[in-house]
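Listed in order, the protein sequences are those of chains Z and S.
Going from the first sequence to the working numbering is simple: count from 1 and add 4.
Going from the second sequence to the working numbering is simple: count from 1 and add 4.
Please keep in mind that the hints were generated in silico from the structure rather than gathered at the bench.
Certain hints may be false.
Where chains are identical, the list cannot tell them apart; a pair therefore holds if satisfied intra-copy or between any two copies.
[Stated by the list, open to error] The list that follows gives simulated cross-link-like pairs (lysine-lysine, BS3-like), each with its CA atoms no further than 30 Å apart: (1) K196 with K20; (2) K258 with K328; (3) K196 with K89; (4) K144 with K226; (5) K334 with K308; (6) K89 with K8; (7) K258 with K212; (8) K308 with K196.
There are 2 protein chains.
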Amino acid sequence: MTDKIKIGLDAMGGDKAPVSIVEGAILASRDRKADYEVVLVGDRGRIQRELERLGISSAPPFEIVHASEVINMDEPAAEAARKKKDSSLAVGLRMEKEGKIDGFVSGGNTGAVMATALLTLGHLQGVDRPAIASYFPTEKGVAVVLDVGANADCKARNLYEFAVMGSIYTSYILKRENPRVGLLSIGEESTKGNELTLVSYRLLSESKLNFMGNVEGHDVLKGTCDVVVCDGFVGNIMLKFAESIESFFYFLIKEELRRSILFRTGAFLLKYPLRSMRKALNYAEYGGAPLLGVDGVCIICHGKSSPKAIKNAIKLASRMVREKVNEHIKEGLKDSNQLEGEK
Amino acid sequence: MTDKIKIGLDAMGGDKAPVSIVEGAILASRDRKADYEVVLVGDRGRIQRELERLGISSAPPFEIVHASEVINMDEPAAEAARKKKDSSLAVGLRMEKEGKIDGFVSGGNTGAVMATALLTLGHLQGVDRPAIASYFPTEKGVAVVLDVGANADCKARNLYEFAVMGSIYTSYILKRENPRVGLLSIGEESTKGNELTLVSYRLLSESKLNFMGNVEGHDVLKGTCDVVVCDGFVGNIMLKFAESIESFFYFLIKEELRRSILFRTGAFLLKYPLRSMRKALNYAEYGGAPLLGVDGVCIICHGKSSPKAIKNAIKLASRMVREKVNEHIKEGLKDSNQLEGEK
Numbered sequence: 005m006t007d008k009i010k011i012g013l014d015a016m017g018g019d020k021a022p023v024s025i026v027e028g029a030i031l032a033s034r035d036r037k038a039d040y041e042v043v044l045v046g047d048r049g050r051i052q053r054e055l056e057r058l059g060i061s062s063a064p065p066f067e068i069v070h071a072s073e074v075i076n077m078d079e080p081a082a083e084a085a086r087k088k089k090d091s092s093l094a095v096g097l098r099m100e101k102e103g104k105i106d107g108f109v110s111g112g113n114t115g116a117v118m119a120t121a122l123l124t125l126g127h128l129q130g131v132d133r134p135a136i137a138s139y140f141p142t143e144k145g146v147a148v149v150l151d152v153g154a155n156a157d158c159k160a161r162n163l164y165e166f167a168v169m170g171s172i173y174t175s176y177i178l179k180r181e182n183p184r185v186g187l188l189s190i191g192e193e194s195t196k197g198n199e200l201t202l203v204s205y206r207l208l209s210e211s212k213l214n215f216m217g218n219v220e221g222h223d224v225l226k227g228t229c230d231v232v233v234c235d236g237f238v239g240n241i242m243l244k245f246a247e248s249i250e251s252f253f254y255f256l257i258k259e260e261l262r263r264s265i266l267f268r269t270g271a272f273l274l275k276y277p278l279r280s281m282r283k284a285l286n287y288a289e290y291g292g293a294p295l296l297g298v299d300g301v302c303i304i305c306h307g308k309s310s311p312k313a314i315k316n317a318i319k320l321a322s323r324m325v326r327e328k329v330n331e332h333i334k335e336g337l338k339d340s341n342q343l344e345g346e347k
Numbered sequence: 005m006t007d008k009i010k011i012g013l014d015a016m017g018g019d020k021a022p023v024s025i026v027e028g029a030i031l032a033s034r035d036r037k038a039d040y041e042v043v044l045v046g047d048r049g050r051i052q053r054e055l056e057r058l059g060i061s062s063a064p065p066f067e068i069v070h071a072s073e074v075i076n077m078d079e080p081a082a083e084a085a086r087k088k089k090d091s092s093l094a095v096g097l098r099m100e101k102e103g104k105i106d107g108f109v110s111g112g113n114t115g116a117v118m119a120t121a122l123l124t125l126g127h128l129q130g131v132d133r134p135a136i137a138s139y140f141p142t143e144k145g146v147a148v149v150l151d152v153g154a155n156a157d158c159k160a161r162n163l164y165e166f167a168v169m170g171s172i173y174t175s176y177i178l179k180r181e182n183p184r185v186g187l188l189s190i191g192e193e194s195t196k197g198n199e200l201t202l203v204s205y206r207l208l209s210e211s212k213l214n215f216m217g218n219v220e221g222h223d224v225l226k227g228t229c230d231v232v233v234c235d236g237f238v239g240n241i242m243l244k245f246a247e248s249i250e251s252f253f254y255f256l257i258k259e260e261l262r263r264s265i266l267f268r269t270g271a272f273l274l275k276y277p278l279r280s281m282r283k284a285l286n287y288a289e290y291g292g293a294p295l296l297g298v299d300g301v302c303i304i305c306h307g308k309s310s311p312k313a314i315k316n317a318i319k320l321a322s323r324m325v326r327e328k329v330n331e332h333i334k335e336g337l338k339d340s341n342q343l344e345g346e347k
């Protein structure tokens, strides 16, 4: 069974790590259909204690690799990435670079995961700027939106790369043929947008992608396209806005409950649509957000990820390895050499 | 009663104009508490036919000013503003410039309203770039977000002006003392953001505004601040995303109804929280979005505005005149001369 894919998991990354993470590792390892092995990276003592708390005293169903340092959730990212050479993050990503594991999953400090991955794995050949891709719920299944936070300022060339990476990810992982790519902007016409999107529009029109032009803010949830391309500033604001809708809705319902007795008697029925909404809006459900464009597989999870989300992230990492997503991206970006010198 | 404020209303601006608009003009004029008079500007024949359809054959409760041309909702905005000198929009805004009316309301082509207002009324003294301000629902009442679409590319100086204008609007119209101003960005720390917000952060920190620093996408609905400042690209995308939430939620409910019989029997109870959500998310409820920074009062309504929304927009225009919002903005921007030469 040595040809099994090995996925490293950062035991120390997450709001309450290693709680939930160790449990996620167990869930993932015990999955009968698993075509991967989990390698848990982190403080061996704390992992051991968490295993005991979960009632697993004998051999756990995964390998443990010790790492002595921990990067905190609010630590300055670039500095932590540079200085903490023995953090679980650094150790895990180094193992991936050395080929000891095939992919890595972390729910830690997003900035630190990104910086360490860039530093350790490096850029994928042909990629100028890696991007974080996130799933958004839509009326037609999920859409992939990128970048959602890796690059606050972008050039048109970067948006083109995001489009290629998102399109390839969507065809191989979501199994959609010839994914429809939309450029997030503020008007449908090619002449509408900001300086960045106007140039990007031209690059995308001339590409081999299934580019459907500009899409607007209201097109995302409607599912007008499979891949939504934007800079990391806009993408991050839209993602966090979307994540906040659920609690805003609960706020509205609480207000309503205070006002209406009739409503109170039937309130339990609300749990059904709210559950679907929670599921649709909670991107942790999907497992995590891939950092596309680094020379390796790296999935970034939410700091509050449930064990199930951790398991899903491990499965996603394993699928990305198996589907050779990075090979396809390299291939897809070969054409883009013509873009050298573009704004 | 000649000291009554006169508000012009574009009869031809809106998806089904003059339907809804004429009705809104009647609603507004018949309001017993009205401290304004309505002047309806547009094609006299079509207005007359709409009045007849509404059963008003004798004298309508407002003045009608004829304008022979109509700007369509999808017409190229800048061209229409330049060429159609006898559009209802151009005629109305010219009347405002000449002091025959005190404010103007239009639910027409947003780009054309903006372009014509800039061309006809000009910039308010001290303002480099006017901005459209929109209300967003929050857990603590509405917040004012600007710019939501007038400026796709901004300089820090513009964001500073938006902050001053939004802050003054919020104190005089929403009657909030010392409004909390937040800069929309992708991290709370002053070092997080894009090139634009990093410089803007410094300008805002040094100002006399009640600046609370960066706010993120999830802070908007939470009501972390009263005024959210951003460039018109990000603001427009967030606004349109927010507007699309309601129909996405109806989609989720329909899916749920298909699946669950139990849910179906209690579905009518859902109308209560959904009604509050619709109200909270539908910015037409608030009447319209003021174009701040032009030398006059101009309210932009949604093309789908109901008669009630039109009435509310007229009331808002009248309040802006009465509260002398523009005078206060000029005063507030006097300090900003020190910004000359800033990026």
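Task: Earlier hints that do not hold, by number - done: The structure breaks hints 2, 5, 7; every other hint is satisfied.
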